[in-house]
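> Each chain, written out:
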Amino acid sequence: MTDDTTLHIPEQSLFRETIVGLSKNKGAIAGLIIICLFIISALGAPLIAPHDPVRQVIEHRLAKPFTPSYILGTDDLGRDLFSRIVYGSRISLIIGIVSVGISLSFGLIIGTLSGYYGGWFDRIVMRLIDIMLAFPYILLTIVIVAILGASLLNAMIAIGISQIPQYARVVRATVLAEKENDYVVAERSLGAHDLELMLRTILPNCIAPIFVQATLGIGDAILSSAALSFLGLGAQPPTPEWGLMVATAKEFVTSAWWVVTFPGIAILLTVLGFNLMSDSLRDVLDPRLKD
Amino acid sequence: MAHVTWRRHSDDLLEIRNLSVNFYTKRGVVRAVRNLDLRIRRGETLALVGESGCGKSVTALSINQLIPTPPGKIESGSVIFEGTDLLTLSEKEVQPYRGTRISMIFQEPMTSLNPVFKVGNQIADVLITHQGYSRKEAFQKAIELLDLVKIPAPERRAHAFPHQLSGGMRQRVMIALALASPEPGLLIADEPTTALDVTIQAQILDLLKDLQQRVKMALLLITHDMGVVAENADRVVVMYAGCKVEEGDATALIKSPTHPYTLGLLNSLPSNKKYQSARRLESIRGTVPDLISLGDWCPFENRCPFVQPICRTQFPPRVELADGHAAWCHFAGDLPAGDDLPAGAAGQRPNEGEG
Numbered sequence: 048m049t050d051d052t053t054l055h056i057p058e059q060s061l062f063r064e065t066i067v068g069l070s071k072n073k074g075a076i077a078g079l080i081i082i083c084l085f086i087i088s089a090l091g092a093p094l095i096a097p098h099d100p101v102r103q104v105i106e107h108r109l110a111k112p113f114t115p116s117y118i119l120g121t122d123d124l125g126r127d128l129f130s131r132i133v134y135g136s137r138i139s140l141i142i143g144i145v146s147v148g149i150s151l152s153f154g155l156i157i158g159t160l161s162g163y164y165g166g167w168f169d170r171i172v173m174r175l176i177d178i179m180l181a182f183p184y185i186l187l188t189i190v191i192v193a194i195l196g197a198s199l200l201n202a203m204i205a206i207g208i209s210q211i212p213q214y215a216r217v218v219r220a221t222v223l224a225e226k227e228n229d230y231v232v233a234e235r236s237l238g239a240h241d242l243e244l245m246l247r248t249i250l251p252n253c254i255a256p257i258f259v260q261a262t263l264g265i266g267d268a269i270l271s272s273a274a275l276s277f278l279g280l281g282a283q284p285p286t287p288e289w290g291l292m293v294a295t296a297k298e299f300v301t302s303a304w305w306v307v308t309f310p311g312i313a314i315l316l317t318v319l320g321f322n323l324m325s326d327s328l329r330d331v332l333d334p335r336l337k338d
Numbered sequence: 050m051a052h053v054t055w056r057r058h059s060d061d062l063l064e065i066r067n068l069s070v071n072f073y074t075k076r077g078v079v080r081a082v083r084n085l086d087l088r089i090r091r092g093e094t095l096a097l098v099g100e101s102g103c104g105k106s107v108t109a110l111s112i113n114q115l116i117p118t119p120p121g122k123i124e125s126g127s128v129i130f131e132g133t134d135l136l137t138l139s140e141k142e143v144q145p146y147r148g149t150r151i152s153m154i155f156q157e158p159m160t161s162l163n164p165v166f167k168v169g170n171q172i173a174d175v176l177i178t179h180q181g182y183s184r185k186e187a188f189q190k191a192i193e194l195l196d197l198v199k200i201p202a203p204e205r206r207a208h209a210f211p212h213q214l215s216g217g218m219r220q221r222v223m224i225a226l227a228l229a230s231p232e233p234g235l236l237i238a239d240e241p242t243t244a245l246d247v248t249i250q251a252q253i254l255d256l257l258k259d260l261q262q263r264v265k266m267a268l269l270l271i272t273h274d275m276g277v278v279a280e281n282a283d284r285v286v287v288m289y290a291g292c293k294v295e296e297g298d299a300t301a302l303i304k305s306p307t308h309p310y311t312l313g314l315l316n317s318l319p320s321n322k323k324y325q326s327a328r329r330l331e332s333i334r335g336t337v338p339d340l341i342s343l344g345d346w347c348p349f350e351n352r353c354p355f356v357q358p359i360c361r362t363q364f365p366p367r368v369e370l371a372d373g374h375a376a377w378c379h380f381a382g383d384l385p386a387g388d389d390l391p392a393g394a395a396g397q398r399p400n401e402g403e404g
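Quick mapping for you: the protein sequence lines, in order, are chains A and B. Here my numbering is used: the first residue of the first sequence is 48, the next is one more, and so on. Here my numbering is used: the first residue of the second sequence is 50, the next is one more, and so on.
Chain A with its partners taken away, still in its complex shape:
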């Protein structure tokens, strides 16, 4: 065979390529370490936390950090900060997954249909999305929470809904680009119908940008929920939610710096981890940046 130039098929898949690409990227490694620590603390919270996160020991209130019994000190009600932050990661992880889950599933459906069918459907949907985007993000979230009532679950739903436009846009744009490819016509000529074309032909090719957006979205959702809880619209006391912890302790910021600082650092690190990860993923997955 004269055209047999590829006798040795290298064992490379998108997954493997991504892993190799990420391992060469310092930001990605840093992000990955942070995310791993975050997930470990979320999953193993009861094992890691030395104290009950909601048990109040009034005689130990505002204990200084870096002591053997209270590593990060205690808050104004004598609750162990370290345990609260560890349990808080659990809540943050749930917030990230649930909100991104909501916005991703709606965004996927809206974006795919809009990009694939185009025409008047696309125009109407995209104008609605534009209207949603015209509201400041946090304002939109607050409005939705105000309608649904202040609770952690409602905060997640609100964040999920207000993030839909971002996902719908990313999905629509990639579907628009992918559906022009020859293989879509080729598969249509082989008898594939619209649903098959959307789900089996086009969407698998759109995974990279959607994945990047979702990773970024988890960080965003955690940050937004902290903001909502800080404003009293998200988690309610005594839930060990990071934003709420910052909010309830803010009056002690001058006398006991640790009560505000450590939950703040937890928020910062987690969001930073997801942002670093999504940035590196974008670099690795973007075919234009590949050599």
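Warning: the hint list may mix true and false statements.
Taking lysine to any residue pairs in the SDA-like style, the calculated list, with each CA pair at most 20 Å apart, reads [what the hints assert, rightly or not]:
| id | chain 1 | residue 1 | chain 2 | residue 2 |
| --- | --- | --- | --- | --- |
| 1 | A | K226 | B | V165 |
| 2 | B | K167 | A | E243 |
| 3 | B | K167 | A | Q213 |
| 4 | B | K122 | B | D339 |
| 5 | B | K141 | A | L242 |
If you want the footprint, here are the derived chain B segments under chain A, 3+ residues with CB under 8 Å [to be verified]:
| id | segment |
| --- | --- |
| 6 | 142-154 |
| 7 | 163-169 |
| 8 | 174-188 |
It should be emphasised that the hints constitute simulated quantities derived from the structure, not laboratory data. Just so it is clear, CB atoms sit at the ideal spot from N, CA and C, and this is done for glycine as well.
We have chain A; now place chain B onto it with these hints.
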């Protein structure tokens, strides 16, 4: 079924009648195909020849209703496949024909395969959809098909992603995909060898010919290469600017081309004789006219070396030259034969023509 059925020529597999396809663009209406008639008999190879932009691919895509609408629109005509007019069918009704009785091979093997799936799975998917195999059986059958299109080590190649295969290999995979139907009737090959280098072209064409005889299917071979036509086709239809300009048996048409455009195409073919005499490769001067501003006269008038006043006012009639051999030219039969062409007439290569 609710649609009208025809029965005329019992050996006709596909009959295209009076097909017109327009594209509505911002610049105006592009008349891609105009009143085209075409017949393909069972088991034969029909070559559809012409330059880029002559409406060959649009014709092929119209058969299966694969024209993107909008901007495209099939204005009139019928495509009768085994007694059923495919153009009267809805998208849902035409789907069962796609990939089963009518399959297609595309020009660009590099982009016509889905990049994220293994080729074996892509073939298997078609088998599962059309023939109800289980996934395991389908993958096994896919390996058999890869073997049938002469891919070496098919068990391993089935696990390869498209980007791991060469162009020739991918085109073989495309052919295997087209063969993954229970009873292929018509295979439409839209410039199957254009993106491949010459040695592989020959292999792919041989493969198509071989498979055609083995599974008894008709082949609509779309090409711009007269060499490919001479090697493979039973009958030839030459298209120019959306119209048929000449048709006939391949041997007769190549031996005695009648339409000036066919003459030009044949003269543009590189040959050993020409290289020996150190003549430059010839071309037809000018380019295909703008399909938006076509008038009702001979579409070839602006490039024809024999152009007469009548060519600029009237659409040429069909002139029957021999049994089944016809040309659409006012002067068909009166033109000098291929070898006697005045030097540089169809083959001018002055600065004004960019070919």
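> Each hint should be assessed against the structure and marked as holding or not.
Tested hints:
1. K226/A / V165/B: Satisfied, since the Cα-Cα distance of roughly 14 Å is no more than 20 Å.
2. K167/B / E243/A: Holds, at about 17 Å.
3. K167/B / Q213/A: Roughly 31 Å separates the two Cα atoms, so the pair is violated.
4. K122/B / D339/B: Since the Cα atoms of K122/B and D339/B sit roughly 18 Å apart, the hinted pair holds (cutoff 20 Å).
5. K141/B / L242/A: Distance ~12 Å between K141/B and L242/A Cα, so the pair holds.
6. 142-154: holds (count 8)
7. 163-169: With 4 residues close enough to chain A, the hint holds.
8. 174-188: holds (count 4)
Hint 3 alone, counting from the list given before, is not met by this structure.
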